Amino acid sequence: MGNMMEGKVVVVTGAGRGIGRDIALQMAGEGAAVVVNDLGVGVDGSTSADTPAAEVVREIEGRGGRAVANYESVSDWVAAGRIVQCAMDTFGRIDAVVNNAGILRDRFFFNMSVDEWRAVIDVHLNGSFFVARAAAPHFKAQNSGAYVHMTSTSGLIGNVGQANYAAAKLGIAALSKSIAIDMRRYKVRSNCISPFAWSRMIGSIPTETPQQQERVEKLKKMESGKIAPMAVFLASDAANEVSGQIFAVRANEIFLMSQPRPLRGMQRNEGWTPQSIAEHALPALKSGFTSLETSGEVFSWDPV
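Numbering-wise, the numbering used here comes out as the position in the sequence shown, counting from 1, plus 466.
Calculated directly from the structure, the hints in this document are not laboratory data.
All values reported here derive from a predicted model rather than from experimental measurement.
Each hint should be verified, as a subset may be incorrect.
[As the list claims (entries may be wrong)] Below 16 Å or equal to it, Euclidean Cα-Cα: the simulated EDC-like pairs (lysine to aspartate or glutamate) are: (1) K686 <-> D588; (2) K687 <-> D648; (3) K686 <-> E719; (4) K606 <-> D648; (5) K643 <-> E707; (6) K687 <-> D768; (7) K684 <-> E719; (8) K653 <-> E707; (9) K684 <-> D581; (10) K653 <-> D703.
Between the sequences and the hints, there should be enough to build the whole structure, so can you do that?
Next comes the structure, spelled out in structure tokens:
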């Protein structure tokens with residue numbers, strides 16, 4: 467067991483399965499006490515002692531770590547407050563929040579329902595704000611704290627059939643930057659991880675030809691466990707100079723992602739008309755246009 471998080475208390479949302487589970491386990495392995503938050507609701511809406519969150523807690527305790535299960539929903543403001551309160555009540559403090567909880571309701575934009583839109587915005591964007599906001603007074607009071615949020619290349623770059631998810635995930639990147647700016651005076655940091663993980667892709671990639679099967683085998687290298695080290699690092703004191711950044715993690719690759727800045731500009735002393743924009747501005751700016759590439763086209767090479 468390491469000790470990069472020794473003495474710290476961390477809330478990890480959506481920690482019952484996948485990326486969240488791996489982050490919770492590694493946080494505990496590095497010495498943190500962990501609030502393992504996961505709704506853990508069965509298909510019929512029931513909960514039991516065998517929920518994914520309870521399972522993760524047992525695993526952490528079995529390795530000599532400290533953890534508590536929490537079943538509140540991040541998408542409810544009052545419930546999100548109880549997630550943070552759970553850390554205070556159980557372990558007496560809170561040092562980091564990992565906003566990982568999420569759902570998918572993929573649909574082409576022109577077919578997307580209001581419910582599909584709201585459900586995804588509620589969990590990802592509202593949920594990230596609610597849990598982060600609940601922890602803020604504690605972070606402020608102790609003059610320390612770290613936020614790690616999950617964004618996605620679906621929002622940063624683009625993807626097919628994910629308008630709700632993309633909007634929420636790009637919103638989270640802006641939320642993280644705002645937190646980093648607003649809370650810098652209190653030595654509180656906020657960063658994003660854009661994870662690539664095989665779990666999200668299962669079932670969507672054809673495996674009919676030998677070439678396709680070979681590609682899928684390579685994609686399986688993108689294990690969800692590969693995301694956890696970056697989350698632990700960003701929550702630790704080793705990252706005390708890192709804030710407002712976005713890191714993409716794909717198998718053994720780490721990327722620092724760009725953030726919007728002016729590319730090129732045009733100016734006319736007499737001002738612009740629609741005609742002069744068409745005649746002069748467009749030709750000058752066009753070479754800097756961002757193409758309509760999807761995430762898979764930008765990250766076109768196999769994961770390493």
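Status of the hints after comparison with the structure:
1. K686 <-> D588: violated, 30 Å
2. K687 <-> D648: violated, 38 Å
3. K686 <-> E719: This hinted pair holds, its Cα atoms lying about 14 Å apart.
4. K606 <-> D648: holds, 11 Å
5. K643 <-> E707: holds, 14 Å
6. K687 <-> D768: The hint holds at about 9 Å.
7. K684 <-> E719: Cα-Cα ~14 Å, so holds.
8. K653 <-> E707: holds, 10 Å
9. K684 <-> D581: violated, 36 Å
10. K653 <-> D703: holds, 11 Å
Hints 1, 2, 9 from the list above are not met by this structure, while the remaining hints are.
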